[in-house]
Amino acid sequence: MDVESKAGVEHGKSLASKISSALRRDLMEGVFRPGDRLPSESALSREYSVSRTVVREAVAILRADGLVHARKGAGIYALELPQEQDKPFKDLTTERISSVIELLELRTVFEVESAGLAASRRSATQIEAILDAHRKIGECLATGMPTRDADFNLHFAIAEATQNRRFPEFLQLIRSGIIPRGELQGAAPGSRPKDYNLHLQEEHGLIVDAIIEGDADLARERMRAHLRGSLERYKLLLRSKTKDSEEITQS
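Read in order, the letters of the sequence shown correspond to residues 214 to 464 in my numbering.
Everything labelled a hint here was simulated from the structure, so no lab data went into it. C-beta atoms are modelled at their ideal positions from N, C-alpha and C, and glycine is treated no differently. Misleading hints may appear alongside valid ones.
What follows is a set of in silico ranges between Cβ atoms, one per label pair, in the way DEER data are often shown [as the list claims (entries may be wrong)]:
{"#": "1", "residue 1": "Met358", "residue 2": "Asp428", "range": "44 to 54 Å"}
{"#": "2", "residue 1": "Ala235", "residue 2": "Ser333", "range": "23 to 33 Å"}
{"#": "3", "residue 1": "Asp428", "residue 2": "Ser253", "range": "44 to 54 Å"}
{"#": "4", "residue 1": "Lys448", "residue 2": "Arg348", "range": "24 to 34 Å"}
{"#": "5", "residue 1": "Lys448", "residue 2": "Ala287", "range": "46 to 56 Å"}
{"#": "6", "residue 1": "Asp422", "residue 2": "Ser230", "range": "26 to 36 Å"}
{"#": "7", "residue 1": "Arg388", "residue 2": "Met358", "range": "13 to 23 Å"}
Make a model of the complete structure from these sequences and hints.
The structure is reproduced here in structure tokens:
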């Protein structure tokens, strides 16, 4: 096989992997539930602007993992998700502040380096994605809407800009534990916490600027400062709850 043909095959495999990853995420997040029919090959081909051969390869990857099955002449259907045993981070819970603190300490190490790599490696398209995610957080703040998903999407866009697929994969893995403090204060899921970071957009903006400028050290420094602030707010909340519990016990 000549170099040009080999490159074409590798490109096809890369596209198939990306499509299978996107569909896998939809299956894991319940966009498609067991028994649901997935979009047809032609629909997926149009959606991702690829050939039907690439789509079939993506579906084959999902079939090999036991996530979908094809019914001849009827389409592709979602299966029950396989039981996950001893999955990392499976015990993440919104009910324990200490669990969130553990996760934030890990995120600080992970996302500080993520910001640095993103500043060094980001493409023009990825800069646009980061800017778009940042803008959407501002819109949520301006309209009083929850920022949970928009906030995650910004950090995810930065992780993708590292050009290392393990970074966004890891962030997706721990997503269930990346929550607003509002839930830990007894508010509805997604609600803005009472002690919400009023400088969120400004802190994010500083990180985004450093990534755009390609300053890896500054991007790391600003991400570290941003997450350190979140960590301190959670620790303060934990101390407050501990104090309240002690007072109730003594009364």
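Practice task
Determine whether the Cβ-Cβ distance between lysine 448 and alanine 287 falls within the hinted range of 46 to 56 Å.
Solution key: About 54 Å separates the Cβ atoms of lysine 448 and alanine 287, which means 46 to 56 Å holds.
Exercise for the section: Could you check the hint for me, namely that alanine 235 and serine 333 are 23 to 33 Å apart, CB to CB? Expected result: Since alanine 235 and serine 333 have Cβ atoms about 26 Å apart, the given range 23 to 33 Å holds.
Practice task
Look at the Cβ atoms of aspartate 422 and serine 230 and judge whether their distance stays inside 26 to 36 Å.
Solution key: With Cβ atoms ~32 Å apart, the hint holds.
Handout entry: Supplied distance hint 24 to 34 Å, evaluated on CB atoms of lysine 448 and arginine 348
Key = Cβ of lysine 448 to Cβ of arginine 348: about 31 Å, so the range 24 to 34 Å holds.
Handout entry: Supplied distance hint 44 to 54 Å, evaluated on CB atoms of methionine 358 and aspartate 428
Key = violated, 31 Å
Exercise for the section: Look at the Cβ atoms of arginine 388 and methionine 358 and judge whether their distance stays inside 13 to 23 Å. Expected result: Cβ of arginine 388 to Cβ of methionine 358: about 19 Å, so the range 13 to 23 Å holds.
Exercise for the section: Starting from the range 44 to 54 Å, see whether the pair aspartate 428 and serine 253 falls in it by beta-carbon distance. Expected result: At 46 Å between Cβs, range holds.
Going through the hint list in order, the structure does not satisfy hint 1, though it satisfies all others.
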